[in-house]
Structures are given as C-alpha cells and as structure tokens.
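**Student:** Sequence:
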Amino acid sequence: MIQPVATAAAWRARDLESSGRWLRRLTAPEIADLRAGFARLKAGGKPMLEITRDDMPLGAFAAVLAEAATELEAGCGLRTLRGLPVGEYSVEDARLLFWGIGTHLGVARPQGKASQLMSDVRDAGGTYRGAGGRGYNTNAELDFHTDGSDVVGLLCLRTAQSGGLSRVASSVAIHDALLAERPELVETLYGPFPHSRQKEEAADETPTYLAPVYSLAEGRFASRYIRNHIRSTQLIEGEPRLTEIQHAALDAIQALASSDEFCFSMWLEPGDLQLVNNHVAIHSRTHYQDFEEPELKRHLLRLWLAVPQGRPLCDGLAGVYKSAAPGTVRGGFKGQGVTPAMMAWQARAAAALGMRDTPY
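Here numbering that gives the first Met the number 0 is used: position 96 in the sequence shown is 95, and no number is missing along the way.
Do not rely on the hints blindly, as some may be mistaken.
Said to hold, decoys possible - Using 27 angstroms as the maximum straight-line C-alpha spacing, the simulated DSS-like pairs for lysine-lysine come out as follows:
(1) Lys45 / Lys198
(2) Lys296 / Lys112
(3) Lys112 / Lys198
(4) Lys198 / Lys41
(5) Lys45 / Lys112
I should point out that these hints are in silico values taken from the structure, not numbers from a laboratory.
Please model the entire structure based on the sequences and the hints provided.
**Tutor:** Right, dumping it as structure tokens:
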C-alpha cells in the first residue's frame, strides 16, 4: 500500500515563503573568497575539461555550498544563493566561474544532442512543444517538469524585459495531496510511462524509453516528471497510447503545481544561483518578452549535476540515469558528442568528490 512521503521536502508555498530557507544571501567575506578562488582558477589557465574542485579553493564560500547541498537532499530541495558577482565578469568568465562552483557540488552531466555540459538558457527561436522541442532555448511558458539529473543549477546573468518568473513546487507535497484525494492516480504514476529522447538519442540508445513518474527505492522517494517528453511519444507511430487515467494523473500534477497552494514563485536576479533537487521538486517558468538589443537579452547558464549525496533510485530509472546507485555519476542526456576527453575529465571529477564513475 502506498504511504505518504511526508518529509521536509513536502512544503506548501506559504510555508516555504515564511521560512525563508529557500534563499541564502552571500556576505561580503563569502563573496571576497569566491572572487579570490576564481582569480586563482583563471590564473591557472586550464581548459574546462581539465578543471576539478582542487583548482578553485572557496574559503568561506565552501560552507555556503555545503549548507546548500544539505538543504537540497535533506531539506526543502531548493536553495537560491544571491549575490554572486557576475556583473564584474564577461559572459565567458561567468561561465568559468559557474563551472568552478559546479565542480564543488557534483559532476556535470551532458544536456542534449551535442552532449554539452553547460547550456545557455536563452531564446534561440526554438519550439517547445513537439517531437524535438526543448524549453530552455525558447521564451515559452513551460510546463512544470524535472530535469534529467540529481540537481539542476541556474546562474542568472541577465533578466528579460518582462516575464520569466521562476516557479517551483514540491513533488513530495503534490504526491501526498494526490494520495489523499485521488489514490488511483498516484498508483498510476508509479507505473511506466513512455518518454521520448526528443531526437537527441545516442547511437546506442533507443528513441524512447519507459520510466515511472513516481518511485521509491530503499524508502526514498523520487519523481521524474517530464511531460513534454511523454507528450512527444504520442506523435510517434507505434508508441503506446496513454490511457485516460494516465492523462488524468499528469493533468493533476500540473494543476496542483500551478495552484497558489503549491506554487512558489521567485524573480531571479543577476547573480542568483538557483539549485533544485529534481527528485523532490518540479519547476517551470512563465513566458517572457525579451529586449531587442542582443546584449540585454535574458541569459542564464545551466548545469545538470550528479551529486555525492544523491539518493538511491529504483530499477525503473536505472536505464535512463545509467545508474540507480547513490553517489554515482548518473543522469543527463548522453547525446552524440561524448569524447574521450569528456570521459577522462568525468573520471577525475568523480574521484575528487569521492563518487563512483559510471562511464557511458
């Protein structure tokens, strides 16, 4: 019998707002230590695929990241660090700064067909809904969803002229609310759903796969809700058709996540680093209107991270994550651009964090 999860990650919007635990403003000494660590990283002159955490000492900022990692896994599953000095750096330096920070949190995972380890989140004229749609390169309003990794990090460089409100909801709270009101929908969500790889599969991967939306492993809950990828399978001939109750279950998640009770909204500011545990929280963004001038357009950087303190996952997720074991390098979309240099860097990064590497 399915039981409520009822962990610290089962928050409502009002509770999260009043607690303030989602936000951590950096102090002047922490920012100074971050600047000093980045100066040392840049002076080293290493390319990104040779950098590990040892190349960027963080001083007092290290405790900020450790606190955030604990909140992500054992707390509310969300932490925004406010005050990173991105305005002092070029876009390329901000990219390097973010990469250096990421090496202290986890191992970066590839994010698409090109196997890019960091993505530029900005409107590049993409189409969100469709067989190959990805939301990060559009200005569209996005469904609530998870990304394909333990943790997603977004570093805000510039905001839009209007819109682009960041929204987060607790998958755990939604699970427990649905269980109380519509237990048959929750049971359905623990079953397999077809997912598309959005035409970004590697040569050794199938175009689609099956995975549950909700799962348990060793008593730990995880959610993988990527509705756009589920929706895309319905455009592919020969793929299983969703049942009426599956549609209803997906609708219910979106409806609850969008409601005032569950939806926590925040305006990301330049210098904000938002971190979200994909296993316990889902996120979205409202439509935005951009500036005409290219140098003013909305721009965020995104990392997908496998983290040392990640939870165990069920066997039904092992195929898509490449590993279900905690503390392993897992997740991401392999794509078609993985190189030996990437694999060598991954092994070094995993070793520096005490994680077990999982080669593709």
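**Student:** For the pair supplied as a hint, Lys45 and Lys198, confirm whether the alpha-carbon distance does not exceed 27 angstroms.
**Tutor:** 33 angstroms, violated
**Student:** Decide if the proposed pair is consistent with the structure: Lys198 and Lys41, CA atoms, cutoff 27 angstroms inclusive.
**Tutor:** It is violated: about 36 angstroms lies between the C-alpha atoms, which goes past 27 angstroms.
**Student:** Is the straight-line distance between the alpha-carbon of Lys296 and that of Lys112 27 angstroms or less?
**Tutor:** Holds - the C-alpha atoms of Lys112 and Lys296 are around 24 angstroms apart, at most 27 angstroms.
**Student:** Check the hint pairing Lys45 with Lys112 against an upper bound of 27 angstroms on the C-alpha distance.
**Tutor:** With a Cα-Cα distance of about 25 angstroms, the restraint between Lys45 and Lys112 holds, given a limit of 27 angstroms.
**Student:** Are Lys112 and Lys198 close enough, with their CA atoms no more than 27 angstroms apart?
**Tutor:** 8 angstroms, holds
When the structure is compared with the earlier hints, violations turn up for hints 1, 4 and for no others.
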